[in-house]
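Peer 1: One letter stands for each residue in the lines below.
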Amino acid sequence: MGNVIVVKNVDKDIYRRVKSVAALKGYTLGRALTEAMKLWLLINEAASRDYLEYLSCREKSERKLKEVQEKYGEKFKGKYVIICDGELIKICDNEDEAFMVAGKSNAKQCIIARLGEVTKEHKVEMGMGILS
Amino acid sequence: MKFKYSKDYKPSAPRIKALIITAKQEKHELELIVDTGFSGGVLIPYSLYEKLGLTLLEVQDKYYGVLPIGIPITLHTALTRVIIGDLVFKVHVHSHPLINKKLAGRELLNKMKILLNGPLEELEIIEER
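Protein chains in written order, with the working numbering: chain C, 1 to 132; chain S, 1 to 129.
Since no wrong hints were added, every one of them can be taken at face value.
Cross-link-like lysine-lysine pairs, in silico, DSS-like; alpha carbons within 30 Å at most:
1) C:120 <-> C:75
2) C:79 <-> C:66
3) S:111 <-> C:123
4) S:51 <-> C:60
5) C:38 <-> S:7
6) C:90 <-> S:62
7) C:19 <-> S:7
8) C:90 <-> C:77
9) C:71 <-> C:104
Partial pick of chain C residues on the chain S-facing surface, computed with a CB cut under 8 Å:
10) 38
11) 42
12) 46
13) 102
14) 110
15) 117
16) 119
17) 122
18) 129
These aren't lab readings, by the way, just hints derived from the structure by calculation. None of the values given here were measured: they were computed from a predicted structure. C-beta: ideal position from N, C-alpha, C; glycine also.
Whenever a hint applies, use it, and build me the whole structure from the sequences.
Peer 2: Here it is as structure tokens:
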């Protein structure tokens with residue numbers, strides 16, 4: 001009985017629908033509910049204040065990086081710049097130094113970029129593995 | 001170097017144990033499922049990405065993940081080192097808050113010669129390419 005959990009106030013219509021979809025998919029109700037609860041946790045995390053704050057910091061850093069590339073891109077071409085939460089932190093001679101500086105930061109978000117390089121977009125195939 | 005397949009999947013799935021270098025230069029052990037359908041380096045859940053401080057090591061470029069149904073999603077991407085046995089690679093680590101998988105993709109896998117020994121349920125890294 002260790003794995004039995006009693007839950008009050010469950011909407012009976014939703015419960016019946018979950019039960020029938022689970023049966024159609026060959027899932028046990030426990031497995032279906034566990035998956036539903038995992039998804040609920042993920043969605044809550046995606047909408048958390050921390051995550052939204054991180055997104056806003058990334059946006060600020062991207063804007064600052066654009067400014068920095070325009071201002072110093074040619075002058076310091078090939079060097080590495082660290083921008084954290086929208087602020088220019090340091091221009092370093094090499095990538096390893098930039099990693100060290102960014103890693104010690106107390107910021108929420110940092111971008112390490114090579115000066116003189118334009119921002120590129122890359123497509124990543126996610127494959128079916130993310131669904132299993 | 002050999003790794004037993006994960007029996008959490010049916011049929012069992014090849015996996016790799018890797019150490020990921022965090023923003024604080026610490027080593028964090030990860031079990032990654034080998035997924036040749038994923039073209040990126042390493043995929044981890046966003047909560048772990050944040051915990052390892054990878055939000056501090058993000059790259060300038062933008063990475064879009066294309067889901068199997070064709071929908072694009074913005075990935076959060078950092079560049080860090082990953083250690084597998086004696087091998088050290090600099091790879092992109094991606095995450096998204098709605099993805100809860102830990103995968104090793106082709107950007108990482110293509111740096112190694114790997115034998116998938118299905119009958120023995122064992123993955124063997126033979127040598128660095």
